[in-house]
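J.: Letter by letter, the sequence shown follows residues 203 to 659 in this note's numbering.
Quick caveat, the hints were computed from the structure, so don't treat them as lab data. Source: prediction; values computed, not measured. Hints are not guaranteed to be accurate.
The list that follows gives simulated cross-link-like pairs (lysine-lysine, DSBU-like), each with its CA atoms no further than 30 Å apart [claimed, not checked]:
hint, residue 1, residue 2
1, Lys236, Lys471
2, Lys384, Lys331
3, Lys569, Lys618
4, Lys569, Lys236
5, Lys556, Lys618
Here are the in silico distance ranges between beta carbons for each label pair [unchecked claim]:
hint, residue 1, residue 2, range
6, Asn651, Asp609, 22 to 28 Å
7, Glu488, Asp404, 37 to 43 Å
8, Glu255, Arg499, 38 to 44 Å
9, Gln254, Leu514, 46 to 52 Å
Virtual Cβ for every residue (Gly too), placed ideally from N, Cα, C.
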Amino acid sequence: MHIAIFGTGYVGLVTGVCFAEMGNVVTCVDVDPKKVDRLRRGEVPIYEPGLQELLEENFRAKRIRFTTLARDSLVDAEIAFICVGTPMSDSGEADLKYVEAASRDIGRNLNHYCLIVTKSTVPVGTADKVRGWVRDELAQRASGIEFDVASNPEFLKEGSAVDDFMKPDRVVVGVDSDRADKRLHDLYGPFVKNGLRFYTMDIRSAEMTKYAANAMLATKISFINEIANLCERVGADVRQVRLGVGADVRIGLQFLHPGCGYGGSCFPKDVKALIHTADSVGYRAELMHAVDSINNRQKVLIQRKLQAWCELHGRRINEMTVAVWGLAFKPNTDDVRESPALPLVQDLLRLGAKVRVHDPKAMEEAKKILGTPDGLIYVEDQYKATEGADVLCLVTEWRPYRRPDFDRLAGQLRAKVIFDGRNQYDEIKTLEHGLTVYPVGVPTAKLDNLAAKAAAK
203 MHIAIFGTGY VGLVTGVCFA EMGNVVTCVD VDPKKVDRLR RGEVPIYEPG LQELLEENFR
263 AKRIRFTTLA RDSLVDAEIA FICVGTPMSD SGEADLKYVE AASRDIGRNL NHYCLIVTKS
323 TVPVGTADKV RGWVRDELAQ RASGIEFDVA SNPEFLKEGS AVDDFMKPDR VVVGVDSDRA
383 DKRLHDLYGP FVKNGLRFYT MDIRSAEMTK YAANAMLATK ISFINEIANL CERVGADVRQ
443 VRLGVGADVR IGLQFLHPGC GYGGSCFPKD VKALIHTADS VGYRAELMHA VDSINNRQKV
503 LIQRKLQAWC ELHGRRINEM TVAVWGLAFK PNTDDVRESP ALPLVQDLLR LGAKVRVHDP
563 KAMEEAKKIL GTPDGLIYVE DQYKATEGAD VLCLVTEWRP YRRPDFDRLA GQLRAKVIFD
623 GRNQYDEIKT LEHGLTVYPV GVPTAKLDNL AAKAAAK
(Lines of atoms letter the chains of each structure in order from A and count residues from 1; the text may use other names and numbers.)
(Lines give C-alpha, C1' and ligand atoms only; values in the text may rest on other atoms or scores of the structure.)
Protein backbone atom coordinates (compact mmCIF):
# COMPACT_ATOMS: atom_id res chain seq x y z
CA MET A 1 0.00 0.00 0.00
CA HIS A 2 1.08 3.59 -0.62
CA ILE A 3 0.76 5.55 2.60
CA ALA A 4 1.20 9.23 3.45
CA ILE A 5 2.15 10.19 7.02
CA PHE A 6 1.61 13.80 8.09
CA GLY A 7 3.93 14.64 10.96
CA THR A 8 7.26 13.00 11.82
CA GLY A 9 7.14 13.36 15.58
CA TYR A 10 7.09 10.40 17.92
CA VAL A 11 3.86 8.83 16.61
CA GLY A 12 4.33 9.72 12.96
CA LEU A 13 7.89 8.46 12.66
CA VAL A 14 7.24 5.16 14.46
CA THR A 15 4.07 4.64 12.39
CA GLY A 16 5.80 5.40 9.09
CA VAL A 17 8.85 3.25 9.76
CA CYS A 18 6.83 0.27 10.99
CA PHE A 19 4.41 0.38 8.05
CA ALA A 20 7.44 0.48 5.73
CA GLU A 21 8.94 -2.49 7.56
CA MET A 22 5.83 -4.48 6.56
CA GLY A 23 6.45 -3.77 2.88
CA ASN A 24 4.34 -0.67 2.35
CA VAL A 25 5.62 2.40 0.49
CA VAL A 26 5.57 5.33 2.89
CA THR A 27 6.05 9.06 2.37
CA CYS A 28 6.36 11.16 5.52
CA VAL A 29 5.56 14.86 5.40
CA ASP A 30 6.81 17.47 7.85
CA VAL A 31 6.77 21.26 7.72
CA ASP A 32 10.21 21.47 9.36
CA PRO A 33 12.83 21.32 6.57
CA LYS A 34 15.69 20.80 9.05
CA LYS A 35 13.99 17.74 10.50
CA VAL A 36 13.30 16.39 7.00
CA ASP A 37 16.97 16.87 6.06
CA ARG A 38 18.06 14.98 9.18
CA LEU A 39 15.68 12.12 8.43
CA ARG A 40 16.90 11.94 4.84
CA ARG A 41 20.40 11.48 6.28
CA GLY A 42 19.08 8.62 8.37
CA GLU A 43 19.21 10.55 11.65
CA VAL A 44 16.40 9.86 14.13
CA PRO A 45 15.61 13.01 16.14
CA ILE A 46 14.21 11.07 19.11
CA TYR A 47 15.52 8.17 21.17
CA GLU A 48 13.42 5.05 20.77
CA PRO A 49 14.98 1.56 20.95
CA GLY A 50 15.12 -0.15 17.54
CA LEU A 51 13.82 2.81 15.55
CA GLN A 52 17.18 3.96 14.15
CA GLU A 53 17.98 0.54 12.71
CA LEU A 54 14.54 0.12 11.09
CA LEU A 55 14.70 3.58 9.57
CA GLU A 56 18.08 2.90 8.00
CA GLU A 57 16.98 -0.48 6.60
CA ASN A 58 13.76 0.82 5.05
CA PHE A 59 15.39 3.99 3.74
CA ARG A 60 17.98 1.88 1.91
CA ALA A 61 15.17 -0.33 0.57
CA LYS A 62 13.39 2.81 -0.69
CA ARG A 63 10.23 1.95 1.20
CA ILE A 64 10.25 5.23 3.12
CA ARG A 65 11.06 8.78 2.13
CA PHE A 66 10.64 12.26 3.59
CA THR A 67 9.39 15.53 2.14
CA THR A 68 8.06 18.93 3.08
CA LEU A 69 5.50 18.87 0.26
CA ALA A 70 2.06 17.37 0.84
CA ARG A 71 1.42 16.91 -2.87
CA ASP A 72 4.43 14.60 -3.19
CA SER A 73 3.03 12.30 -0.53
CA LEU A 74 -0.48 12.18 -1.97
CA VAL A 75 0.29 11.30 -5.60
CA ASP A 76 -0.33 7.58 -5.08
CA ALA A 77 -1.51 7.54 -1.47
CA GLU A 78 -4.32 5.14 -0.60
CA ILE A 79 -4.33 6.17 3.05
CA ALA A 80 -3.17 9.44 4.63
CA PHE A 81 -2.47 9.34 8.36
CA ILE A 82 -2.58 12.54 10.39
CA CYS A 83 0.01 12.11 13.16
CA VAL A 84 0.72 15.70 14.14
CA GLY A 85 0.93 17.02 17.68
CA THR A 86 -2.09 18.14 19.68
CA PRO A 87 -0.49 20.26 22.42
CA MET A 88 -2.43 21.16 25.53
CA SER A 89 -3.71 24.72 25.84
CA ASP A 90 -3.82 26.61 29.14
CA SER A 91 -7.42 25.48 29.61
CA GLY A 92 -6.48 21.81 29.19
CA GLU A 93 -8.13 21.61 25.78
CA ALA A 94 -6.27 19.85 22.97
CA ASP A 95 -5.06 22.39 20.40
CA LEU A 96 -6.08 21.17 16.93
CA LYS A 97 -4.28 23.81 14.86
CA TYR A 98 -1.79 21.27 13.46
CA VAL A 99 -4.56 18.76 12.73
CA GLU A 100 -6.43 21.49 10.86
CA ALA A 101 -3.32 22.50 8.93
CA ALA A 102 -2.67 18.90 7.86
CA SER A 103 -6.32 18.37 6.90
CA ARG A 104 -6.39 21.50 4.77
CA ASP A 105 -3.08 20.55 3.18
CA ILE A 106 -4.61 17.20 2.19
CA GLY A 107 -7.71 18.90 0.81
CA ARG A 108 -5.61 21.28 -1.29
CA ASN A 109 -3.55 18.48 -2.84
CA LEU A 110 -5.83 15.43 -3.04
CA ASN A 111 -6.28 14.17 -6.62
CA HIS A 112 -8.06 10.82 -6.14
CA TYR A 113 -10.04 8.89 -3.53
CA CYS A 114 -8.12 8.55 -0.30
CA LEU A 115 -8.87 7.39 3.24
CA ILE A 116 -7.84 10.06 5.75
CA VAL A 117 -7.09 8.67 9.20
CA THR A 118 -6.50 10.55 12.44
CA LYS A 119 -3.87 8.75 14.52
CA SER A 120 -3.10 11.76 16.70
CA THR A 121 -4.82 11.73 20.08
CA VAL A 122 -7.78 14.03 19.47
CA PRO A 123 -11.01 15.02 21.24
CA VAL A 124 -14.23 13.23 20.42
CA GLY A 125 -15.74 14.79 17.32
CA THR A 126 -12.43 15.73 15.66
CA ALA A 127 -13.06 13.45 12.66
CA ASP A 128 -16.10 15.59 11.81
CA LYS A 129 -13.90 18.68 11.85
CA VAL A 130 -11.30 16.97 9.67
CA ARG A 131 -14.02 16.10 7.18
CA GLY A 132 -15.19 19.72 7.15
CA TRP A 133 -11.70 21.16 6.66
CA VAL A 134 -10.95 18.81 3.75
CA ARG A 135 -14.32 19.59 2.15
CA ASP A 136 -13.68 23.32 2.47
CA GLU A 137 -10.43 23.01 0.52
CA LEU A 138 -11.96 20.74 -2.11
CA ALA A 139 -14.82 23.23 -2.54
CA GLN A 140 -12.30 26.00 -3.12
CA ARG A 141 -11.03 23.92 -6.04
CA ALA A 142 -14.55 23.04 -7.16
CA SER A 143 -13.47 19.41 -6.82
CA GLY A 144 -15.80 16.49 -6.26
CA ILE A 145 -13.08 14.03 -5.24
CA GLU A 146 -14.40 11.47 -2.77
CA PHE A 147 -12.71 10.64 0.50
CA ASP A 148 -13.43 8.96 3.82
CA VAL A 149 -12.33 9.89 7.31
CA ALA A 150 -11.53 7.34 10.01
CA SER A 151 -10.01 7.19 13.47
CA ASN A 152 -7.15 4.84 14.37
CA PRO A 153 -5.75 5.84 17.77
CA GLU A 154 -2.24 4.75 18.73
CA PHE A 155 -1.43 2.82 21.90
CA LEU A 156 2.35 3.06 21.85
CA LYS A 157 4.48 3.08 24.97
CA GLU A 158 7.60 5.22 24.78
CA GLY A 159 10.59 2.96 25.18
CA SER A 160 8.90 -0.01 23.50
CA ALA A 161 6.98 1.69 20.69
CA VAL A 162 8.44 -0.36 17.83
CA ASP A 163 7.52 -3.65 19.49
CA ASP A 164 4.09 -2.27 20.42
CA PHE A 165 3.43 -1.34 16.80
CA MET A 166 4.76 -4.53 15.24
CA LYS A 167 3.01 -6.79 17.77
CA PRO A 168 -0.03 -4.82 18.93
CA ASP A 169 -2.27 -6.03 21.74
CA ARG A 170 -5.14 -4.49 19.79
CA VAL A 171 -5.89 -2.30 16.78
CA VAL A 172 -8.86 0.03 17.14
CA VAL A 173 -10.44 1.69 14.12
CA GLY A 174 -13.42 3.97 13.93
CA VAL A 175 -15.12 4.06 10.53
CA ASP A 176 -18.41 5.05 8.93
CA SER A 177 -18.10 3.22 5.61
CA ASP A 178 -17.40 -0.34 4.48
CA ARG A 179 -14.77 0.97 2.08
CA ALA A 180 -12.76 2.53 4.90
CA ASP A 181 -13.16 -0.56 7.07
CA LYS A 182 -11.88 -2.88 4.33
CA ARG A 183 -8.89 -0.68 3.57
CA LEU A 184 -7.78 -0.59 7.20
CA HIS A 185 -8.33 -4.34 7.55
CA ASP A 186 -6.09 -4.86 4.51
CA LEU A 187 -3.41 -2.58 5.93
CA TYR A 188 -3.32 -4.15 9.38
CA GLY A 189 -3.78 -7.74 8.21
CA PRO A 190 -0.07 -8.64 8.58
CA PHE A 191 -0.04 -7.23 12.13
CA VAL A 192 -3.09 -9.07 13.42
CA LYS A 193 -3.28 -12.23 11.34
CA ASN A 194 -5.87 -13.97 13.50
CA GLY A 195 -8.13 -10.91 13.46
CA LEU A 196 -8.96 -11.33 17.14
CA ARG A 197 -7.29 -8.08 18.16
CA PHE A 198 -8.88 -5.87 15.50
CA TYR A 199 -11.78 -3.81 16.82
CA THR A 200 -14.03 -1.89 14.44
CA MET A 201 -16.39 0.69 15.94
CA ASP A 202 -17.94 4.03 15.17
CA ILE A 203 -15.57 6.98 14.90
CA ARG A 204 -16.52 8.78 18.11
CA SER A 205 -16.15 5.62 20.14
CA ALA A 206 -12.67 5.08 18.71
CA GLU A 207 -11.70 8.64 19.59
CA MET A 208 -12.99 8.17 23.14
CA THR A 209 -11.24 4.79 23.50
CA LYS A 210 -7.80 6.40 23.41
CA TYR A 211 -8.63 8.94 26.11
CA ALA A 212 -10.38 6.34 28.25
CA ALA A 213 -7.43 3.93 28.03
CA ASN A 214 -4.85 6.51 29.10
CA ALA A 215 -7.13 7.89 31.79
CA MET A 216 -7.59 4.38 33.22
CA LEU A 217 -3.83 3.82 33.41
CA ALA A 218 -3.29 7.22 34.99
CA THR A 219 -6.03 6.41 37.49
CA LYS A 220 -4.28 3.22 38.60
CA ILE A 221 -1.06 5.15 39.19
CA SER A 222 -2.76 7.91 41.16
CA PHE A 223 -4.75 5.32 43.11
CA ILE A 224 -1.68 3.44 44.32
CA ASN A 225 0.05 6.74 45.09
CA GLU A 226 -2.92 7.76 47.23
CA ILE A 227 -2.71 4.44 49.06
CA ALA A 228 1.07 4.89 49.44
CA ASN A 229 0.61 8.28 51.08
CA LEU A 230 -1.97 6.80 53.43
CA CYS A 231 0.32 3.84 54.24
CA GLU A 232 3.05 6.21 55.40
CA ARG A 233 0.62 7.75 57.88
CA VAL A 234 -0.93 4.57 59.30
CA GLY A 235 2.19 2.44 59.57
CA ALA A 236 1.62 0.14 56.58
CA ASP A 237 4.02 -0.74 53.75
CA VAL A 238 2.57 -0.02 50.32
CA ARG A 239 4.89 -2.55 48.68
CA GLN A 240 3.21 -5.35 50.58
CA VAL A 241 -0.24 -3.84 50.11
CA ARG A 242 0.39 -3.61 46.37
CA LEU A 243 1.16 -7.33 46.14
CA GLY A 244 -1.95 -8.29 48.05
CA VAL A 245 -4.17 -6.05 45.93
CA GLY A 246 -2.53 -6.90 42.60
CA ALA A 247 -2.94 -10.63 43.20
CA ASP A 248 -6.62 -10.16 42.42
CA VAL A 249 -6.91 -11.01 38.72
CA ARG A 250 -9.57 -8.33 38.36
CA ILE A 251 -6.99 -5.71 39.34
CA GLY A 252 -3.51 -6.99 38.47
CA LEU A 253 -0.13 -5.45 39.25
CA GLN A 254 0.37 -3.47 36.04
CA PHE A 255 0.57 0.27 36.68
CA LEU A 256 0.20 -0.27 40.43
CA HIS A 257 3.65 1.21 40.99
CA PRO A 258 3.84 3.87 43.70
CA GLY A 259 6.28 6.65 43.04
CA CYS A 260 6.80 10.33 42.44
CA GLY A 261 4.10 10.70 39.80
CA TYR A 262 3.52 10.07 36.10
CA GLY A 263 4.70 12.30 33.27
CA GLY A 264 5.21 12.17 29.52
CA SER A 265 3.32 13.51 26.56
CA CYS A 266 0.19 11.40 27.04
CA PHE A 267 -1.18 10.82 30.53
CA PRO A 268 -1.06 14.42 31.85
CA LYS A 269 -2.36 15.88 28.60
CA ASP A 270 -5.05 13.27 28.02
CA VAL A 271 -6.42 13.41 31.57
CA LYS A 272 -6.74 17.19 31.29
CA ALA A 273 -8.27 16.92 27.82
CA LEU A 274 -10.86 14.46 29.12
CA ILE A 275 -11.68 16.89 31.94
CA HIS A 276 -12.13 19.66 29.36
CA THR A 277 -14.31 17.42 27.18
CA ALA A 278 -16.55 16.67 30.17
CA ASP A 279 -16.74 20.37 31.07
CA SER A 280 -17.72 21.22 27.50
CA VAL A 281 -20.84 19.04 27.77
CA GLY A 282 -21.78 20.20 31.25
CA TYR A 283 -20.41 17.23 33.18
CA ARG A 284 -17.84 17.40 35.97
CA ALA A 285 -15.47 14.43 35.76
CA GLU A 286 -14.76 14.15 39.49
CA LEU A 287 -12.49 11.10 39.20
CA MET A 288 -10.33 12.72 36.50
CA HIS A 289 -9.96 15.88 38.60
CA ALA A 290 -8.80 13.71 41.52
CA VAL A 291 -6.34 11.74 39.36
CA ASP A 292 -4.78 14.97 38.09
CA SER A 293 -4.66 16.57 41.54
CA ILE A 294 -3.02 13.53 43.16
CA ASN A 295 -0.38 13.39 40.45
CA ASN A 296 0.47 17.07 40.81
CA ARG A 297 0.88 16.55 44.54
CA GLN A 298 3.00 13.47 44.01
CA LYS A 299 5.50 15.35 41.86
CA VAL A 300 6.68 17.34 44.90
CA LEU A 301 6.89 14.25 47.13
CA ILE A 302 10.67 13.83 47.02
CA GLN A 303 11.25 17.50 47.76
CA ARG A 304 8.91 17.29 50.76
CA LYS A 305 10.61 14.16 52.05
CA LEU A 306 13.98 15.86 51.73
CA GLN A 307 12.75 18.96 53.55
CA ALA A 308 11.29 16.84 56.36
CA TRP A 309 14.58 14.95 56.66
CA CYS A 310 16.49 18.23 56.84
CA GLU A 311 14.25 19.53 59.63
CA LEU A 312 14.63 16.28 61.59
CA HIS A 313 18.41 16.22 61.24
CA GLY A 314 19.08 19.93 61.55
CA ARG A 315 20.28 20.36 57.98
CA ARG A 316 19.67 23.25 55.59
CA ILE A 317 18.89 22.59 51.95
CA ASN A 318 20.71 25.73 50.86
CA GLU A 319 23.92 24.24 52.26
CA MET A 320 23.50 20.90 50.49
CA THR A 321 24.47 19.30 47.22
CA VAL A 322 21.78 16.98 45.87
CA ALA A 323 22.41 14.32 43.23
CA VAL A 324 19.49 13.46 40.92
CA TRP A 325 19.45 10.25 38.91
CA GLY A 326 16.98 10.39 36.02
CA LEU A 327 15.52 13.28 34.03
CA ALA A 328 13.34 11.44 31.48
CA PHE A 329 9.76 10.80 32.56
CA LYS A 330 10.39 7.04 32.24
CA PRO A 331 13.26 4.73 31.22
CA ASN A 332 14.23 4.06 27.58
CA THR A 333 13.26 7.48 26.26
CA ASP A 334 14.76 10.96 26.06
CA ASP A 335 11.33 12.53 26.59
CA VAL A 336 11.29 14.89 29.58
CA ARG A 337 7.81 16.32 29.04
CA GLU A 338 6.00 16.58 32.39
CA SER A 339 8.80 14.60 34.04
CA PRO A 340 8.72 14.75 37.86
CA ALA A 341 12.47 15.38 37.75
CA LEU A 342 12.04 18.87 36.30
CA PRO A 343 10.03 20.48 39.12
CA LEU A 344 12.25 18.66 41.64
CA VAL A 345 15.42 20.18 40.18
CA GLN A 346 13.80 23.61 39.83
CA ASP A 347 12.53 23.56 43.43
CA LEU A 348 15.90 22.46 44.80
CA LEU A 349 17.64 25.29 42.96
CA ARG A 350 15.02 27.77 44.18
CA LEU A 351 15.70 26.62 47.74
CA GLY A 352 19.41 27.27 47.26
CA ALA A 353 20.74 23.73 46.86
CA LYS A 354 23.43 22.75 44.41
CA VAL A 355 22.15 20.03 42.08
CA ARG A 356 24.15 17.46 40.09
CA VAL A 357 22.05 15.55 37.53
CA HIS A 358 22.55 12.50 35.33
CA ASP A 359 20.43 10.68 32.76
CA PRO A 360 21.59 8.12 30.16
CA LYS A 361 19.62 9.71 27.29
CA ALA A 362 17.65 12.81 28.30
CA MET A 363 20.33 15.35 29.28
CA GLU A 364 20.08 17.47 26.13
CA GLU A 365 16.29 17.53 26.21
CA ALA A 366 16.37 18.51 29.88
CA LYS A 367 18.78 21.37 29.15
CA LYS A 368 16.24 22.86 26.77
CA ILE A 369 13.84 23.30 29.71
CA LEU A 370 16.08 23.63 32.76
CA GLY A 371 18.84 25.60 31.07
CA THR A 372 22.21 25.97 32.78
CA PRO A 373 21.55 28.15 35.83
CA ASP A 374 24.09 28.61 38.62
CA GLY A 375 24.08 25.62 40.92
CA LEU A 376 23.02 23.07 38.29
CA ILE A 377 25.63 20.69 36.90
CA TYR A 378 25.03 18.05 34.22
CA VAL A 379 27.43 15.09 34.46
CA GLU A 380 28.03 12.26 31.99
CA ASP A 381 28.56 9.51 34.59
CA GLN A 382 26.04 8.55 37.24
CA TYR A 383 28.73 8.29 39.93
CA LYS A 384 30.08 11.71 39.05
CA ALA A 385 26.68 13.03 40.08
CA THR A 386 26.90 11.43 43.52
CA GLU A 387 30.56 12.31 44.09
CA GLY A 388 30.58 14.84 46.92
CA ALA A 389 26.78 15.06 47.11
CA ASP A 390 24.97 14.93 50.43
CA VAL A 391 21.99 12.86 49.28
CA LEU A 392 20.76 11.08 46.15
CA CYS A 393 17.26 11.37 44.67
CA LEU A 394 16.23 8.56 42.28
CA VAL A 395 13.55 9.82 39.90
CA THR A 396 13.75 7.57 36.81
CA GLU A 397 14.32 3.82 37.15
CA TRP A 398 16.83 3.35 34.32
CA ARG A 399 18.46 -0.10 34.43
CA PRO A 400 21.94 1.19 35.41
CA TYR A 401 20.35 2.78 38.47
CA ARG A 402 18.52 -0.32 39.67
CA ARG A 403 21.51 -2.20 41.04
CA PRO A 404 24.18 0.41 41.67
CA ASP A 405 27.44 -0.03 43.56
CA PHE A 406 26.12 0.70 47.07
CA ASP A 407 29.57 0.58 48.65
CA ARG A 408 30.72 3.23 46.22
CA LEU A 409 27.64 5.35 46.94
CA ALA A 410 28.22 5.02 50.68
CA GLY A 411 31.70 6.39 50.19
CA GLN A 412 30.44 9.29 48.09
CA LEU A 413 27.26 10.52 49.76
CA ARG A 414 28.10 12.65 52.79
CA ALA A 415 24.76 12.02 54.52
CA LYS A 416 24.53 8.44 53.19
CA VAL A 417 20.85 8.93 52.32
CA ILE A 418 18.86 8.01 49.21
CA PHE A 419 15.34 9.25 48.45
CA ASP A 420 13.96 6.50 46.25
CA GLY A 421 11.14 7.95 44.13
CA ARG A 422 10.55 4.65 42.28
CA ASN A 423 10.85 2.05 45.06
CA GLN A 424 13.81 0.30 43.49
CA TYR A 425 15.95 -0.33 46.56
CA ASP A 426 15.59 -2.66 49.55
CA GLU A 427 16.22 -0.61 52.68
CA ILE A 428 17.51 -3.65 54.60
CA LYS A 429 20.15 -4.50 51.99
CA THR A 430 21.23 -0.89 51.58
CA LEU A 431 21.68 -0.56 55.36
CA GLU A 432 24.24 -3.35 55.10
CA HIS A 433 26.25 -0.90 53.01
CA GLY A 434 25.68 1.98 55.41
CA LEU A 435 22.97 3.71 53.37
CA THR A 436 19.52 4.79 54.53
CA VAL A 437 16.84 4.65 51.84
CA TYR A 438 13.50 6.45 51.98
CA PRO A 439 11.09 4.82 49.50
CA VAL A 440 7.51 5.85 48.73
CA GLY A 441 4.70 4.47 50.89
CA VAL A 442 6.78 3.28 53.84
CA PRO A 443 6.55 5.07 57.23
CA THR A 444 9.58 7.27 57.87
CA ALA A 445 9.66 6.24 61.54
CA LYS A 446 10.11 2.60 60.53
CA LEU A 447 13.02 3.48 58.26
CA ASP A 448 14.67 5.69 60.90
CA ASN A 449 14.34 2.92 63.49
CA LEU A 450 16.05 0.48 61.11
CA ALA A 451 18.85 2.97 60.56
CA ALA A 452 19.26 3.55 64.29
CA LYS A 453 19.46 -0.20 65.00
CA ALA A 454 22.00 -0.65 62.22
CA ALA A 455 24.10 2.21 63.60
CA ALA A 456 23.95 0.72 67.13
CA LYS A 457 25.39 -2.55 65.86
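J.: Take the C-beta atom of Glu255 and the C-beta atom of Arg499, compute their distance, and say whether it sits inside 38 to 44 Å.
T.: holds (41 Å)
J.: Please work out if Lys236 and Lys471 have their alpha carbons no farther apart than 30 Å.
T.: holds (27 Å)
J.: Is the hinted pair Lys569 and Lys236 satisfied, with a Cα-Cα distance of at most 30 Å?
T.: holds (20 Å)
J.: Taking only the CA atoms, is the gap from Lys384 to Lys331 under or equal to 30 Å?
T.: holds (23 Å)
J.: Does the Cβ pair Gln254, Leu514 satisfy 46 to 52 Å?
T.: For Gln254 and Leu514 the Cβ distance comes to about 48 Å; the hint holds.
J.: For Glu488 and Asp404, compare the CB-CB distance with the range 37 to 43 Å and indicate the outcome.
T.: violated (27 Å)
J.: Taking 22 to 28 Å as the stated bounds, is the beta-carbon spacing between Asn651 and Asp609 within them?
T.: Given a distance of about 24 Å, which is inside 22 to 28 Å, the answer is holds.
J.: Can the restraint linking Lys556 and Lys618 be considered satisfied, given a maximum Cα separation of 30 Å?
T.: holds (17 Å)
J.: Does Lys618 lie within 30 Å of Lys569 when you go C-alpha to C-alpha?
T.: Between Lys569 and Lys618 the Cα gap is close to 28 Å, so the pair holds against 30 Å.
Going through the hint list in order, the structure does not satisfy hint 7, though it satisfies all others.
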